[in-house]
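S.K.: Sequence:
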Amino acid sequence: MDLVPALEEPLKKVVGPATAKVMAEHLDLHTVGDLLHHYPRRYAERGELTRLADLPLDEHVTVVAQVASARILKFNGGKGQRLEVTITDGGGQVQLVFFGRGIHKPHKDLLPGTRAMFAGKVSVFNRKMQLAHPAYELLRGDADEAGETVGSWAGALLPIYPATAKLESWKIAKSVDMVLPSAQEAVDPLPPSLRDGRALVPLTEALLKIHRPHTKADIAAARDRLKWDEAFVLQVALARRRYADAQLPAVARRPKEGGLLDAFDAKLPFTLTEGQQKVSKEIFDDLATEHPMHRLLQGEVGSGKTMVALRAMLAVVDAGGQAAMLAPTEVLAQQHHRSIVEMMGELAEGGMLGGADQATKVTLLTGSMGAAARRQALLDLVTGEAGIVIGTHALIEDKVQFHDLGLVVVDEQHRFGVEQRDALRGKGKQPPHLLVMTATPIPRTVAMTVFGDLETSVLDQLPAGRSPIASHVVPAQDKPHFLARAWERVREEVENGHQAYVVCPRIGDEEEDPKKAKKKAEDEATAEKRPPLAVLDVAEQLARGPLQGLRVEVLHGRMQPEDKDAVMRRFAAGETQVLVATTVIEVGVNVPNATAMVIMDADRFGVSQLHQLRGRVGRGSAPGLCLLVTDMPEASPARGRLGAVASTLDGFELSRIDLEQRREGDVLGQAQSGVRSSLRMLAVIEDEEVIAAAREEAVAVVTDDPDLERLPALRTALDALLDAEREQYLDKG
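As numbered in numbering that gives the first Met the number 0, residues 0 to 732 make up the sequence shown, in order.
No wet-lab data here; the hints were simulated from the structure. Note that this is a predicted model, so its numbers are computed, not measured. Hints are supplied without guarantee of correctness; some may be wrong.
Here are the simulated DSSO-like cross-link-like pairs (lysine-lysine), alpha carbons at most 30 Å apart as the crow flies [stated by the list, open to error]:
#, residue 1, residue 2
1, Lys170, Lys120
2, Lys173, Lys215
3, Lys255, Lys277
4, Lys165, Lys12
5, Lys478, Lys120
6, Lys165, Lys127
7, Lys104, Lys78
8, Lys426, Lys255
9, Lys107, Lys120
10, Lys165, Lys11
11, Lys127, Lys107
12, Lys165, Lys107
13, Lys173, Lys11
14, Lys20, Lys165
15, Lys173, Lys12
16, Lys12, Lys170
17, Lys266, Lys277
18, Lys73, Lys120
19, Lys104, Lys127
20, Lys173, Lys104
21, Lys20, Lys173
22, Lys255, Lys428
23, Lys398, Lys426
24, Lys215, Lys120
25, Lys107, Lys73
26, Lys127, Lys78
With these hints in hand, go ahead and build the complete structure from the sequences.
M.R.: Printed below as a string of structure tokens:
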């Protein structure tokens, strides 16, 4: 009879249906193997307390602390009761609050001096850190009671698992105890020679030691081993993809003398920067080979990536092929189309009166085009009339046929999966060359993991004519007069003939369910955190208050496309002085006269996102100013992040900070979650050596045995990884 392998056993059979359901829904854990790979985030030493000062706001945390005091308070005219418990780590303190009927048990359990593990979400109330209604598990020191508590774990190290409000760390630990025996059957993917050569412990031993370590050395040995698994299997997947790509044929595309590219270069009003010349040479060398180019072009906003990509497209048109540029949104596709047609001038008017001899046609293709325009665009593509086509993912649809597709340029790859690249490959007579552009600076190790099947080029200098941007943090709570001064600065910029952006995290017309609104009013625990500031409210307050008399308009994602375009046109033309917007302005909006940006609730944006937003000012000859407004207290991690953004304009430096600040699992962003879900132990920044070494080993293995015939266990691990990844891409469609 066919037995399910131990690690593929569904969790509900082992831990029971109720726990299994929560694990599936909240932690994405479905099998015994999934739970074995749900590693502790950290370990608490028995007897040691967690440092409370370092707790991150708004995250679900598990801490070990001691009760300092507890008291019951009445409110609402004596009708309501709440229990306030202060816990301490010997230095800092955090307040716990329990409400209503739920206060009797904690009042009995949490006596001063008691140690326990507490789990909940950290918030700020009256400028103090608090946990509302935390779950807790008492840690008793006495041997006779130890049996019924967490004390039953033998080691001196208590594992703290990534947990959720629905399932606390200590409950996960109890479930792990039930599945640990199955670790004996884990299949080891590393080739034995590699394992011995690098002195790594076997996989079964690593799994036992990561969950139930007796010493810190156990944890270190287990982590080293598990990191290698992840890095190596992922690098083998990428090495095989590169190997397969290298076997594909492609048409070599070389620009011709006196063609479109030469004509374009001749009319450029400026010379290319050294960086642009160097990167262009790398691209042209790739285009001249008979295997498809796979290159990632990274460059800050405004470093001139579009210019480099356009010259590559022109070279391909010269060589008789067509080039397609894919943008993630219609607005961006339209902007690229406009700016490319502007840059090319009469060279973009192929087949029209007044077009130059070498001219070609630049066609736009998006999903929302009218039927007639779409028919004409499709015709231009299939006849080869259009040398360059710019569009959204509509370009990938089955109906779209090319005459001879030679190059695909993808803007912002992290929204574009491997499956979609494959679909485009099928459009050419032979696979087209591929150039991927991103304005999100990607540290080298992330480039090796997420984009490991691409060669990388970096544009790291800004073109002449870009101005420096001064950035400052404005602590609105601590120093309200700083905020008043910020609005004065905006007025000053406008008086000098410039314009300003004000960015907010929310739009403000979200439909509020009346039931929810009522619940909010009732739940006094939510009083500590106001909702994020909204565009519509802020715009109204500014127009009536500090920016009275200035022409203020709003822009956000829920407006009709034609309204958005009209607002942007008025702003670009200088008719509007202040634009209050959501992050819709993050990508591709170019108004050189805009010199100031005020970002409200800046702590609610990611580091890279703040950097992207900031790149919208200082695009002309006048210096830019970016003010990051926050209510967060000075010692908070959020303020630290904002300080980092204010202190450097180097996107690569910031992307490192961003990754170090985020949880490892989130490094690769949502869109790459297929790859992401496989990284549990690997911290992409710190583990640069492991990733680089794993890449070398992977290349050696794949070159020697491309189909991994001699390494069945590695094949199994790889299939599991690729299944997860393929599912993710298909979900994304």
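S.K.: So, for every hint listed, does it hold in this structure?
M.R.: Structure-based check of each hint:
no. : hint            : result
1   : Lys170 x Lys120 : 17 Å, holds
2   : Lys173 x Lys215 : 21 Å, holds
3   : Lys255 x Lys277 : 20 Å, holds
4   : Lys165 x Lys12  : 20 Å, holds
5   : Lys478 x Lys120 : 27 Å, holds
6   : Lys165 x Lys127 : 25 Å, holds
7   : Lys104 x Lys78  : 19 Å, holds
8   : Lys426 x Lys255 : 24 Å, holds
9   : Lys107 x Lys120 : 23 Å, holds
10  : Lys165 x Lys11  : 17 Å, holds
11  : Lys127 x Lys107 : 25 Å, holds
12  : Lys165 x Lys107 : 23 Å, holds
13  : Lys173 x Lys11  : 14 Å, holds
14  : Lys20 x Lys165  : 11 Å, holds
15  : Lys173 x Lys12  : 15 Å, holds
16  : Lys12 x Lys170  : 17 Å, holds
17  : Lys266 x Lys277 : 20 Å, holds
18  : Lys73 x Lys120  : 24 Å, holds
19  : Lys104 x Lys127 : 24 Å, holds
20  : Lys173 x Lys104 : 22 Å, holds
21  : Lys20 x Lys173  : 16 Å, holds
22  : Lys255 x Lys428 : 21 Å, holds
23  : Lys398 x Lys426 : 10 Å, holds
24  : Lys215 x Lys120 : 28 Å, holds
25  : Lys107 x Lys73  : 18 Å, holds
26  : Lys127 x Lys78  : 25 Å, holds
Every hint from the earlier list agrees with this structure, and none is contradicted.
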